Amino acid sequence: MRISRIVLVVVGAGLGGYGALLLVTTLSPASLLALAVWLLAVVVVHDGVIAPVESAMHARWWRGAERRPEVVTAVAQLGFVTGAVLSLYVLPEIWAQGRGSPNPTILVGDYATRLVVVWAVIALVVLVTWRVAVRRDRR
Numbered sequence: 007m008r009i010s011r012i013v014l015v016v017v018g019a020g021l022g023g024y025g026a027l028l029l030v031t032t033l034s035p036a037s038l039l040a041l042a043v044w045l046l047a048v049v050v051v052h053d054g055v056i057a058p059v060e061s062a063m064h065a066r067w068w069r070g071a072e073r074r075p076e077v078v079t080a081v082a083q084l085g086f087v088t089g090a091v092l093s094l095y096v097l098p099e100i101w102a103q104g105r106g107s108p109n110p111t112i113l114v115g116d117y118a119t120r121l122v123v124v125w126a127v128i129a130l131v132v133l134v135t136w137r138v139a140v141r142r143d144r145r
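Under my numbering, think of the first position of the sequence shown as 7, with each following residue one higher.
Simulated from the structure, these hints should not be mistaken for lab results. Don't take every hint at face value.
Claimed, not checked - Each pair of labels, with its calculated beta carbon distance range: (1) SER93 / GLY22: 26 to 34 Å; (2) GLY89 / THR31: 33 to 41 Å; (3) VAL131 / VAL50: 23 to 31 Å; (4) ARG142 / PRO98: 35 to 43 Å; (5) ALA65 / LEU29: 52 to 60 Å; (6) ARG137 / ALA19: 48 to 56 Å; (7) PRO98 / VAL131: 23 to 31 Å; (8) ALA40 / VAL123: 28 to 36 Å.
As the structure is a prediction and not an experimental result, all values here were calculated from the model. Positions of the beta carbon are idealized from the N, C-alpha and C atoms, including for glycine.
Could you put the whole structure together from the sequences, leaning on the hints where they help?
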């Protein structure tokens, strides 16, 4: 077990170093700065928006947890995290569409509508799971 951990740490450090070398040698300083800003923004959005919202929802959700089947809680948490991460990926595309693009073949999808549909499907899955679990528990 100890040897496998050491091997994994060495391989991971080697791959991380190789990736850092590729970043420095292939990207321009402006691109590196843009990457650093993007990574910082992701951390800020996660820690400043997603984590507090999830914590507030979690606290509110557990107030009535004894009336809800556990599977509903698991599906709701999974749905929220999936939707939040997907939103992190899609919101920059929606923002870029709003700015416009000189190339009409870039960002051709209707990302905002698709994101709303995904959140609606997540909500529907949670509600259907809830309904099925409640019916199952009544039997």
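Structure-based check of all given hints:
no.	hint	verdict
1	SER93 / GLY22: 26 to 34 Å	28 Å, holds
2	GLY89 / THR31: 33 to 41 Å	37 Å, holds
3	VAL131 / VAL50: 23 to 31 Å	29 Å, holds
4	ARG142 / PRO98: 35 to 43 Å	41 Å, holds
5	ALA65 / LEU29: 52 to 60 Å	40 Å, violated
6	ARG137 / ALA19: 48 to 56 Å	49 Å, holds
7	PRO98 / VAL131: 23 to 31 Å	25 Å, holds
8	ALA40 / VAL123: 28 to 36 Å	30 Å, holds
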